[in-house]
Amino acid sequence: MTALTPEKVSELEEMARRLRVDSLRLIHRRGAGHPGGALSAAEIIAVLYFHILRINPANPTWNERDRFILSKGHGSAMLYAALARRGFFPLSDLDNWGAVDCPHQGHPDRFKTPGVDMTSGLLGHGVAIGVGLALAARLKKQNYHTYVLLGDGESQGGIVWEGAMAAAKYQLSNLTAILDYNNVQLDGPVHEVMPLEPLADKWSAWGWRVLEVNGHEVRQVVDALRMAIQIHDRPTILLAHTTKGKGVSFMENQASWHGNVPNAEQLNQALAELGEAMHE
Amino acid sequence: MSELSMREAYGRALAEYGELNPSVIALDVDTAASTLSNFFAARFPERFFNLGIAEPCMVDVAAGLALGGFVPFINGFASILSLRALEQIRTCVCYARTNVKIAASYAGVSDFKDGATHYSITDLANLRALPGMTVIVPADAAEAAVWVPLVAEFDGPVYLRISRAGALPVHQPGTPLHIGKGRTLRPGRDLTLIATGSMVGRCAVAAEQLSVQGIEARLLEIHTLKPLDGELLLQAAEETGALVTAEEHSIIGGLGSAVAETLAERCPTPLERIGIRDHFCPTGRDLDQLMDACGLSVTGIIAAAQRALRRKDHSLQDTKRKRKLQ
Numbered sequence: 001m002t003a004l005t006p007e008k009v010s011e012l013e014e015m016a017r018r019l020r021v022d023s024l025r026l027i028h029r030r031g032a033g034h035p036g037g038a039l040s041a042a043e044i045i046a047v048l049y050f051h052i053l054r055i056n057p058a059n060p061t062w063n064e065r066d067r068f069i070l071s072k073g074h075g076s077a078m079l080y081a082a083l084a085r086r087g088f089f090p091l092s093d094l095d096n097w098g099a100v101d102c103p104h105q106g107h108p109d110r111f112k113t114p115g116v117d118m119t120s121g122l123l124g125h126g127v128a129i130g131v132g133l134a135l136a137a138r139l140k141k142q143n144y145h146t147y148v149l150l151g152d153g154e155s156q157g158g159i160v161w162e163g164a165m166a167a168a169k170y171q172l173s174n175l176t177a178i179l180d181y182n183n184v185q186l187d188g189p190v191h192e193v194m195p196l197e198p199l200a201d202k203w204s205a206w207g208w209r210v211l212e213v214n215g216h217e218v219r220q221v222v223d224a225l226r227m228a229i230q231i232h233d234r235p236t237i238l239l240a241h242t243t244k245g246k247g248v249s250f251m252e253n254q255a256s257w258h259g260n261v262p263n264a265e266q267l268n269q270a271l272a273e274l275g276e277a278m279h280e
Numbered sequence: 281m282s283e284l285s286m287r288e289a290y291g292r293a294l295a296e297y298g299e300l301n302p303s304v305i306a307l308d309v310d311t312a313a314s315t316l317s318n319f320f321a322a323r324f325p326e327r328f329f330n331l332g333i334a335e336p337c338m339v340d341v342a343a344g345l346a347l348g349g350f351v352p353f354i355n356g357f358a359s360i361l362s363l364r365a366l367e368q369i370r371t372c373v374c375y376a377r378t379n380v381k382i383a384a385s386y387a388g389v390s391d392f393k394d395g396a397t398h399y400s401i402t403d404l405a406n407l408r409a410l411p412g413m414t415v416i417v418p419a420d421a422a423e424a425a426v427w428v429p430l431v432a433e434f435d436g437p438v439y440l441r442i443s444r445a446g447a448l449p450v451h452q453p454g455t456p457l458h459i460g461k462g463r464t465l466r467p468g469r470d471l472t473l474i475a476t477g478s479m480v481g482r483c484a485v486a487a488e489q490l491s492v493q494g495i496e497a498r499l500l501e502i503h504t505l506k507p508l509d510g511e512l513l514l515q516a517a518e519e520t521g522a523l524v525t526a527e528e529h530s531i532i533g534g535l536g537s538a539v540a541e542t543l544a545e546r547c548p549t550p551l552e553r554i555g556i557r558d559h560f561c562p563t564g565r566d567l568d569q570l571m572d573a574c575g576l577s578v579t580g581i582i583a584a585a586q587r588a589l590r591r592k593d594h595s596l597q598d599t600k601r602k603r604k605l606q
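Protein sequences appear in the order of chains A and B.
The end of the first sequence is residue 280 by the numbering used here, with every number in the run present.
The end of the second sequence is residue 606 by the numbering used here, with every number in the run present.
Simulated from the structure, these hints should not be mistaken for lab results.
Every value quoted in this text rests on a predicted model; they were computed, and no experiment measured them.
Heads up, the beta-carbon is just placed ideally off N, CA and C, and yes, glycines get one too.
Sample of chain B residues at the chain A side, in silico, Cβ under 7 Å:
hint, residue
1, A334
2, D340
3, V341
4, A343
5, G348
6, F350
7, A376
So here's chain A without its partners, still in its complex pose (with noise of 0.2 Å):
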């Protein structure tokens, strides 16, 4: 992990703009897919991919690597594009996305695309996952550290506060959950669903370090990510408020379009609003 000079800051906002493209491209091209909740995690998975996480796109495998899990796996879009980005494999491999031949998966498959640590899809596991590995580091004296990734209609779910009990039980400061906390899921807002507030009261009752972030300012986000790292007695959670469809007008905080695709003109104007024509 380099300082973050604003050189950087500059860098990692203008790679989750064209995590962005890249997201909604292949949505796009796939014909399915979940924009909403893969634009509002662009800076977040900008800054782990591209700063914060110890990988090696040559050695996916590579032991000592810290480990990421998106719990919220419909947002593999984004997931794909950073790893594509990252060097894990070339973009060009999600040509055929969807495609029965194509070996990346809807949601992401451990098998099947280099650099997934854990397969997922359905909701809720990624923090109970997640103890476990931090759990085996801690046993084989590993210092990698474990990330996940979660979404807030997710932690409407039990699991995640089973996980969220067990991570505290054993005070895995080698566990950073990262919430995107974009407000918006399926069938509405978050609070009309199922309300979760008062959510860092919960978490921090439920004994983790809680840190609230605007989850779009990479700067915040990155500082943020350092301090869980410097907590040694529990697991931190990382409240990152997001906007859903982040940077498209017409997809943000809109419900619809947690996963409705873009026709061709819909993705031109897309495109547009995240500066592409500027830069192609």
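Dock chain B against the given chain A, drawing on the hints supplied.
Same frame as chain A, but now just chain B:
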């Protein structure tokens, strides 16, 4: 019943094996004093994790430990593991191919005092349907102990079904076992009894009694429900022409179903199924009486054998009649 319960044999074997294999981890869900994973916990406290009454969480934590290079044995009640935690097992163990071993205790109706909520009579159906899962059912305490190292050293998810109780002993300690290979415990050419778990011992008793009546029943133990030893079943069907399956499980989806599926495609043969006939079982005073009341009695096995033999005779007569007409 043998003096040693299957769970105790398993628990002691796991603790012993933990000495040999430092990769083995045990997890439990506040049932360590019941599953007897507490033998392991006492000897290796640093390799034991009690996650409270949260079976789905235990499965996921075990998946994470497996990703981290360990061989986790998860311990709990079969009823909860195979139902409440089934999605975790499907997604994070089978689909994600994590090397998790599921020691599912209190299986069948062995928790006779606690009733239908605690009985596990659909677990074999649930687990057998999952791609990538190996399903093993020991017949007695000695066999349960033998499976521990074999299961640990097998690369992939395993469901090991453990009874709370003992069972009529059929194996010597250290008996040689192979995953996926059924065992012929008694020769016979009149019909074949095909049994798993606690019903192996009961079928052995039934075979003795049938022999007194002049009926020589072959006895097969199918300890591995998946992958099923189709060749052994096929041979028995061809050579004896009448079959009875027996399991401490629903007749839907377990051993009887597995045998019927296999032979219907390859060698349709008169088949009678002994099992729980699609109902919830009551609480009992002791396991033997409860099993009898649940339709798992030795006399029930004998009656099923006689029915299977009658159907075999009818089908032989049919064949002869058809030959004459030709």
